[in-house]
Structures are given as structure tokens and as C-alpha cells.
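Peer 1: Required output: the full structure, derived from the provided sequences and hints.
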Amino acid sequence: MKSFDYVRPASVADAITAASLPGSAYLAAGTNLIDLMKGGVSRPDRLVDVTRLPGLDRIEPLADGGVRIGALVRNADLAHDAAFAKTYPAVAEALLSGASAQLRNAATVGGNLLQRTRCAYFYDVAAACNRREPGSGCDARGGENRLHAVLGWSDACIATHPSDFCVPLVALNAVVEIEGKSGRREVRLEDLHRLPDQAPERETALEPGDLIVALKLPADARHFSGHARYLKVRERTSYAFAVVSAAACLNIARGKIAEVRIALGGVAAKPWRAREAEELLAGAALDAENFRRAAVAALAEAKPSGDNEFKIELARRIVVRALALAAAGKPERLPALPASPFSTQPGAFA
Amino acid sequence: MNHSISFTINGVRRDIALSDPRVTLLDLLREQLQLTGTKKGCDRGQCGACTILVNGRRINSCLALAASHDGADITTIEGVAHGHELHALQAAFIAHDALQCGFCTPGQIMSALGLISEGQAGCDAERIREGMSGNLCRCGAYAGITEAVLEVQKDLTGAEERRVA
Chain D
0 MKSFDYVRPA SVADAITAAS LPGSAYLAAG TNLIDLMKGG VSRPDRLVDV TRLPGLDRIE
60 PLADGGVRIG ALVRNADLAH DAAFAKTYPA VAEALLSGAS AQLRNAATVG GNLLQRTRCA
120 YFYDVAAACN RREPGSGCDA RGGENRLHAV LGWSDACIAT HPSDFCVPLV ALNAVVEIEG
180 KSGRREVRLE DLHRLPDQAP ERETALEPGD LIVALKLPAD ARHFSGHARY LKVRERTSYA
240 FAVVSAAACL NIARGKIAEV RIALGGVAAK PWRAREAEEL LAGAALDAEN FRRAAVAALA
300 EAKPSGDNEF KIELARRIVV RALALAAAGK PERLPALPAS PFSTQPGAFA
Chain S
0 MNHSISFTIN GVRRDIALSD PRVTLLDLLR EQLQLTGTKK GCDRGQCGAC TILVNGRRIN
60 SCLALAASHD GADITTIEGV AHGHELHALQ AAFIAHDALQ CGFCTPGQIM SALGLISEGQ
120 AGCDAERIRE GMSGNLCRCG AYAGITEAVL EVQKDLTGAE ERRVA
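For the protein sequence lines, the chains are D and S, in the order given.
According to numbering that gives the first Met the number 0, the residues represented by the first sequence are 0 to 349, in order.
According to numbering that gives the first Met the number 0, the residues represented by the second sequence are 0 to 164, in order.
All clues stand as given, with none of them false.
Once the Cα atoms are required to be at most 25 Å apart in a straight line, the calculated DSS-like pairs of lysine-lysine come out as:
hint	chain 1	residue 1	chain 2	residue 2
1	D	Lys1	S	Lys39
2	D	Lys215	D	Lys85
3	D	Lys255	D	Lys85
4	D	Lys180	D	Lys215
5	D	Lys37	D	Lys1
6	D	Lys37	S	Lys39
Sample of chain D residues facing chain S (criterion: CB under 8 Å; computed from the structure):
hint	residue
7	Tyr5
8	Leu26
9	Ala100
10	Ala335
Hint data in this document are derived by calculation from the structure and do not stem from the laboratory.
We put the CB at the ideal spot given by N, CA and C, even for glycine.
Peer 2: Dropping the structure here:
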């Protein structure tokens with residue numbers, strides 16, 4: 000690991016000043032960053048430790064019915080907060096389907112939003128990677144790419160965003176609160192991550208010094224409390240990233256779909272909101288044929304970026320099944336194997 | 000840089016001069032404090048051999064910078080037994096053949112301690128397996144590990160029920 004300076008500022012303002020210097024990176028739990036630094040993928044000159052910044056570790060209900068989650072809330076604490084999990088069951092299920100208990104105990108909400116792709120070529124400093132080393136090429140094209148993107152990719156980069164947490168958050172119109180050199184602003188989570196186009200190294204909408212201080216869910220995210228699930232196919236049942244995942248959130252009135260939100264994970268460089276599918280389902284009856292039509296619409300623009308055509312049909316089926324699970328309601332208690340299609344929880348099989 | 004930090008490790012306060020901010024909690028324990036019970040497997044957060052309790056919560060010590068955890072209360076495998084009397088989990092691991100080579104065992108036991116105190120799994124074997132998935136065992140002693148954790152959890156649950164009754 001390259002040597003670096005370590006600073007631990009006491010205020011958000013001091014942190015922003017320190018991190019505005021070139022070569023700086025914010026450090027929270029470090030569950031992704033330290034790993035990247037050990038591999039030589041990230042080589043910061045200065046780590047700005049934000050873990051002791053005051054006031055960023057709270058889950059606060061907002062007067063308008065929304066909720067504000069401090070950026071330093073740990074993944075496990077958010078998932079196990081009873082009120083939060085009851086109101087946003089798909090978010091809790093997504094959190095608990097990610098990583099291991101040890102990592103969830105450490106990892107923070109803000110850090111999770113900013114985790115980097117798990118593309119093996121991004122991690123391998125001997126490989127060409129436009130995301131890590133602009134202009135060097137992309138060894139994932141023509142390489143081992145069965146897990147790579149099927150939506151929103153470019154010739155420059157076919158990597159996917161690995162977060163589970165972000166998938167239901169994007170479905171629920173989450174907003175990121177950012178403090179920067181020019182003050183506080185809010186950015187829709189859907190706009191935080193960028194598609195690669197010709198500049199995959201530009202991964203987010205953040206500017207130098209920008210610090211994510213909180214995540215907000217708007218009041219209407221509560222409409223889906225009774226019918227929201229996250230479903231994730233992975234290559235082993237626990238402690239693995241998604242091959243494909245989907246969050247399905249329904250608001251059911253008089254037996255029909257009053258409102259619906261759908262997002263996919265593991266398919267693109269950002270959590271993928273499926274608005275065409277949502278439009279098809281608005282006002283529709285809860286039946287398998289409608290779910291299938293919506294799934295086809297969700298993947299209408301998909302194309303393989305390599306040896307991964309199977310992910311397109313897999314994603315359609317996961318959308319159908321996530322919708323069917325959401326229609327059935329939410330389990331009293333999350334299944335022993337959160338988000339798993341192999342869960343033995345009653346009602347898991349649609 | 001010479002950074003002065005302090006920890007409470009297995010109940011004993013330690014003041015430490017940190018010569019390099021790159022030092023992880025794992026390397027600090029093993030290289031500087033000679034607490035070699037905590038193992039370095041992958042060193043990348045994938046195997047769980049380095050699991051310790053920090054402020055009562057299980058984490059991967061290989062991905063935690065020591066400088067960032069200044070002031071923490073740390074428990075390692077060396078702090079689990081009471082003198083020569085094994086902790087119930089240590090005894091259960093032996094009774095259930097929950098190890099072969101033993102390299103992952105300190106991490107497994109620290110993880111199981113964390114799991115039990117988190118209180119999410121209860122006496123459900125499937126929830127225990129899921130909750131222990133961050134600890135790999137290359138010898139494949141998973142069945143014994145699950146039985147050992149289940150036995151200790153059942154004893155605790157039984158004791159709690161008797162106390163309430």
C-alpha cells in the first residue's frame with residue numbers, strides 16, 4: 000500500500016477543506032477503500048477520516064413524513080432499526096443480503112453509496128481499465144465478462160455497480176444530501192452515479208471535497224410499506240454480489256396497482272430504475288401476464304456486452320418474481336436468507 | 000509520522016506509538032502486541048479469520064485502520080476464556096468437532112460471539128449459517144460450527160427462560 004497522510008478533522012467544514020486538496024480521499028469504515036488501497040487500485044496521498052464527525056450517525060424522522068439517515072449510520076444498524084425496517088422492508092432486505100455480518104457492522108450508509116465496481120479488471124492493476132486508468136482500454140471486453148453490464152454500457156466500460164442497498168433506494172426516489180465548498184445541496188440518488196459513456200473514470204456527480212452527509216427518503220416512500228421486496232440472484236446463497244437483482248415496491252388499492260416502483264441491480268454502472276415498466280403497470284391488475292409485460296419493457300434496451308446474454312432473461316424473470324413477492328405482501332419477519340430465491344420462508348415462491 | 004493512540008484490549012488499557020497510518024488493527028495486534036490468536040487469512044475482508052470485537056461488535060480487523068479506531072474497546076480470542084476455563088463456545092467447538100486445521104477457529108469463535116450478542120439468529124440453524132457466512136472454513140467444518148453455535152445459543156436461551164420463569 001502506498002504511504003499516505005492521515006487526518007481526522009473535527010468538523011464537516013474542516014473535512015471539506017482537507018479533502019479539497021488534490022490526492023485526498025474520505026475514509027469512513029474503509030471496507031471498500033482499504034481493500035482497493037491494498038491492491039494498488041486506489042492510491043490516495045491523504046485520507047480524511049470522517050468517522051468522528053458529530054451528528055452524522057442518526058436516523059431521524061422528518062416532519063413531512065420522510066426519513067433522514069446520517070451518512071455514518073452503519074448498514075447493520077439501519078437494517079435492524081425496527082421502525083425503519085417496518086416502513087422500508089425492501090431496503091432492509093437489500094442491506095441484509097449484502098456482504099457479511101462483519102462488513103455490515105462496519106460499513107456506512109455514505110460509503111455504501113460510493114463503493115466502486117467489483118469488475119475483476121478494475122481490480123487487477125496489470126489489466127487495461129478505462130475506469131481506473133483513463134485511455135488504457137478495457138480488458139473486460141473480450142475477457143471474462145459473463146457478470147458485466149447489459150444496460151447503459153459503452154465501448155469504454157462494461158462494469159456494473161455492485162450495491163444492493165442502492166437498488167430499492169433508487170426505486171423509492173432517495174435523495175443524497177451533500178456538503179461541499181459552496182455549501183449544501185441535494186442530488187437525487189438516481190443522478191449520483193453516472194453511466195460510463197466515454198469517461199468511465201467520472202463515476203459520480205461529486206466534486207472534489209464534496210461529502211455525503213445524509214440520505215433522505217421522501218414521504219411517499221411510505222406508500223410501499225406493505226408490499227416491497229428485494230430479490231437477488233448470486234452465485235452462492237450468502238456473502239456474494241448480485242448477478243442480477245430487483246426491487247419491487249407496490250401500492251395496492253382495491254386489488255389494483257395504484258403506484259409501482261421497480262429498480263434493477265447488477266445490470267448497469269448505476270442502480271437502474273425501470274420507468275417504462277412502472278408506466279405499464281400503473282392501474283393494472285396484479286397478474287403474472289402484466290408482470291411479464293413489465294419485465295420485458297424493463298429490459299427492452301438491454302444488450303449483451305460479452306458472454307452475458309443470459310442476464311437479460313434472468314433479469315426479466317427476477318423482475319416478475321420480485322413483483323409477485325411484493326404483491327403477496329411482506330413477511331412478518333425477513334427470511335433467514337434475505338432476498339434469496341432459495342429462501343425457505345413461506346410465501347417466498349411466487 | 001508518530002501517532003499516539005490507545006486501546007482497551009481484553010480489558011487492559013494499552014498506549015501505543017503508531018509509526019505508520021497504514022497499520023491495520025490486525026497487524027497492530029499480531030506484529031506490535033504479539034496477540035497472534037487473530038489470524039491473517041486473505042487480508043482483504045473475504046475470509047473472516049481476522050474477526051475481532053470492536054466496542055462489542057464483530058468486524059474484519061484487516062480492513063480497519065488502527066489510527067481510525069483510537070480509543071476503541073477491543074476483544075480478541077485471547078480475551079475470551081476465563082483463565083484456564085474455556086468459554087462455552089470454545090468448549091462447544093471442541094465437543095462438536097467444529098474444526099480440523101484450526102486456522103479459521105479464532106475468527107469463527109469471535110464471529111459467533113458477535114452473532115449471539117446481536118440476537119438476530121436465535122436457535123434457527125439456517126439463520127446461524129447465514130449469520131456466520133462471513134467466516135470461511137477451508138476444511139469444511141461448517142456442520143460442526145453450526146452445531147456448536149446452536150448448542151451455546153440453546154443453553155443461553157434455556158437459561159434466560161428459566162430466569163424469567
